[in-house]
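2 protein chains.
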Amino acid sequence: MADIVRVVVDAMGGDNAPGEIVKGAVEAVNSRDDIEVILTGRKESVDAELAKYTYAPERIRTVHCDEVIETAESPVHAIGGKKNSSMVVGMNLVKHGDADAIVSAGNSGAILVGGQMVVGRIRGVERPALAPLIPTEDGVALLIDAGANVDARASHLVQFAQMGSIYMKDVVGIQQPRVAILNIGAEEEKGNALVKETYPLLQSCEGIHFIGSIEAREIPHGGADVIVCDGFAGNIVLKLYEGLADTLLKKVKEGMMSSFRSKIGALLIQNALRQTLKSFDTSEYGGAPLLGCRGLLVKTHGSAAASDVKNSIIQCVTFKQQGINDKISEHISRRKKSDMTDA
Amino acid sequence: MADIVRVVVDAMGGDNAPGEIVKGAVEAVNSRDDIEVILTGRKESVDAELAKYTYAPERIRTVHCDEVIETAESPVHAIGGKKNSSMVVGMNLVKHGDADAIVSAGNSGAILVGGQMVVGRIRGVERPALAPLIPTEDGVALLIDAGANVDARASHLVQFAQMGSIYMKDVVGIQQPRVAILNIGAEEEKGNALVKETYPLLQSCEGIHFIGSIEAREIPHGGADVIVCDGFAGNIVLKLYEGLADTLLKKVKEGMMSSFRSKIGALLIQNALRQTLKSFDTSEYGGAPLLGCRGLLVKTHGSAAASDVKNSIIQCVTFKQQGINDKISEHISRRKKSDMTDA
Numbered sequence: 001m002a003d004i005v006r007v008v009v010d011a012m013g014g015d016n017a018p019g020e021i022v023k024g025a026v027e028a029v030n031s032r033d034d035i036e037v038i039l040t041g042r043k044e045s046v047d048a049e050l051a052k053y054t055y056a057p058e059r060i061r062t063v064h065c066d067e068v069i070e071t072a073e074s075p076v077h078a079i080g081g082k083k084n085s086s087m088v089v090g091m092n093l094v095k096h097g098d099a100d101a102i103v104s105a106g107n108s109g110a111i112l113v114g115g116q117m118v119v120g121r122i123r124g125v126e127r128p129a130l131a132p133l134i135p136t137e138d139g140v141a142l143l144i145d146a147g148a149n150v151d152a153r154a155s156h157l158v159q160f161a162q163m164g165s166i167y168m169k170d171v172v173g174i175q176q177p178r179v180a181i182l183n184i185g186a187e188e189e190k191g192n193a194l195v196k197e198t199y200p201l202l203q204s205c206e207g208i209h210f211i212g213s214i215e216a217r218e219i220p221h222g223g224a225d226v227i228v229c230d231g232f233a234g235n236i237v238l239k240l241y242e243g244l245a246d247t248l249l250k251k252v253k254e255g256m257m258s259s260f261r262s263k264i265g266a267l268l269i270q271n272a273l274r275q276t277l278k279s280f281d282t283s284e285y286g287g288a289p290l291l292g293c294r295g296l297l298v299k300t301h302g303s304a305a306a307s308d309v310k311n312s313i314i315q316c317v318t319f320k321q322q323g324i325n326d327k328i329s330e331h332i333s334r335r336k337k338s339d340m341t342d343a
Numbered sequence: 001m002a003d004i005v006r007v008v009v010d011a012m013g014g015d016n017a018p019g020e021i022v023k024g025a026v027e028a029v030n031s032r033d034d035i036e037v038i039l040t041g042r043k044e045s046v047d048a049e050l051a052k053y054t055y056a057p058e059r060i061r062t063v064h065c066d067e068v069i070e071t072a073e074s075p076v077h078a079i080g081g082k083k084n085s086s087m088v089v090g091m092n093l094v095k096h097g098d099a100d101a102i103v104s105a106g107n108s109g110a111i112l113v114g115g116q117m118v119v120g121r122i123r124g125v126e127r128p129a130l131a132p133l134i135p136t137e138d139g140v141a142l143l144i145d146a147g148a149n150v151d152a153r154a155s156h157l158v159q160f161a162q163m164g165s166i167y168m169k170d171v172v173g174i175q176q177p178r179v180a181i182l183n184i185g186a187e188e189e190k191g192n193a194l195v196k197e198t199y200p201l202l203q204s205c206e207g208i209h210f211i212g213s214i215e216a217r218e219i220p221h222g223g224a225d226v227i228v229c230d231g232f233a234g235n236i237v238l239k240l241y242e243g244l245a246d247t248l249l250k251k252v253k254e255g256m257m258s259s260f261r262s263k264i265g266a267l268l269i270q271n272a273l274r275q276t277l278k279s280f281d282t283s284e285y286g287g288a289p290l291l292g293c294r295g296l297l298v299k300t301h302g303s304a305a306a307s308d309v310k311n312s313i314i315q316c317v318t319f320k321q322q323g324i325n326d327k328i329s330e331h332i333s334r335r336k337k338s339d340m341t342d343a
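Going line by line, the protein sequences match chains E and Y. Quick note: the first sequence, position 49, residue 49 per the numbering used here, numbers continuous. Quick note: the second sequence, position 195, residue 195 per the numbering used here, numbers continuous.
One copy or two, it doesn't matter: identical chains are merged, so the pair holds either way.
Simulated crosslink set (BS3-like; lysine-lysine; CA at most 25 Å straight-line):
| # | residue 1 | residue 2 |
| --- | --- | --- |
| 1 | K251 | K263 |
| 2 | K278 | K251 |
| 3 | K43 | K95 |
| 4 | K83 | K190 |
| 5 | K82 | K190 |
| 6 | K327 | K169 |
| 7 | K82 | K43 |
| 8 | K263 | K253 |
| 9 | K95 | K82 |
| 10 | K278 | K263 |
| 11 | K52 | K23 |
| 12 | K250 | K278 |
| 13 | K278 | K253 |
| 14 | K263 | K250 |
In case anyone wonders, no lab produced these hints; they're calculated from the structure.
The whole structure should be built from the sequences, with the hints applied where relevant.
Here's what the structure looks like:
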């Protein structure tokens, strides 16, 4: 049997906490033998939820914490001030090696800040990056960074490309992932100052398969496996994906309700349509990992249901068993050494 | 009757030139009394197309030019080098007051460069901005800038907000348009360096109705009427709109073809669906104006059909008759004066 992976789950984070969070944790341990879960949160509430389910009790334990970081709190303030919150306590378990990963549906900014300030970066990594999978016509693409670094530098983007490639290859299973930089045209001379500076660095970066620029139009068409960008641009892509899918679905529904004829049609296609649109839901692909930290942090969306929490936990298992952080550490440091040789 | 508006149409620009371009020009003059069109391009080809239609001959004339700027050419090089191209000749007609506006489906970059280098900026405008209308749940929003200025400054974004407000009010007819800055969160303290610098300037800018930040998710929901951003971010939004709408439609169609039952359903809803999705097609809203130039430039997409060309020409009429450039000039210069008073 593979090694046991120990995942902290922030039982108090997200709109549906602790109910759905605890349920997802139970489903995860019941679905596989190689997971142990540590739930951080108010013991009384968490244990009351746990009492509803059947599971191997030695594989889920609760660590009591008084405090909760709220969604609207300032991230830096919350991480610095609420040492006994379910999120910070959980992050400290990862930091000290008592757990391999943490999953949270709580305050996104706090997860990003905590990744840097509490868990800490892998040696050599300049900036951790948030890297969600987004749906494409025939699969998924990794968007890196999706909001952790709004004013990134070229050297950060090169590391995002390296970390993203490792993740897509070893967690998602894409051999030789195609890496592209998000740009406003396919030609090499296009782009803003950051893209122009980063482009040649990606061209000369070893160990990645850089295919050049990608226009946003080509992302849903599956034009690349790893989309490299700063956190501001990446966040726009991620949010617009959500908003547009939502609006188009609403429009399609309205269209179908516009006549008697189309209403009958709607009844006949509703199952097929639901299936199709589900494959295009950004929340279907587990949580977004924050790559580059010592230990794994997975941010799942605020409205996460039990199935999202379960998927996010299972994602941590693959991450750990594939030794992603060792590979990142090795790859990044190799690059650093060669930089020094060049200089 | 209102004043006649004289519109140059670049007959050689775009994938469907000159056939669809000339056809669109004829449709425009046949639909209204207040338009005159000047077609720039190879006279022989253009006149051969014109010969297919019936129209008042005094309202369409052809200006012969030997050269054509190709789609793949370097914009700066093309505008500087091809003085006798259909695009540059047309722009010079606008510059010298022989026409009010130019519509082109040709090389986008060349249109942006020509707007600055040939036609020239309105006094006081720091940077012209490309401002397409994009569909929302219940109408349209103006995206400014969508690609003319990839590395914009805060002062540019403030002018984009001013120009965009005037356009939405007087061309689109939205009273007190809601102006928002594209950001990665709704909170005031969020954003990259550019957004943080621009935010307070928009708050204190007179004559616009600034409502704060908008996340990309809220754009399709109709969260603002004028979306202010740099050209890099704006271009991502515009292109992702196109790509995602395309992919989702394809997915919906695939879903409907997945069973016999859903195929029957598909037949019943296809008309309703086509109508719905048409309202969400970014190319349905005429061309994108380049705001801030002396005279109007309208960039219509490369694959423009006759109806797109016609819509773009008609858009120029409203623009001219509403005196948009006078209003921009007045508004921007008023701001400049008050800046000086402050200093």
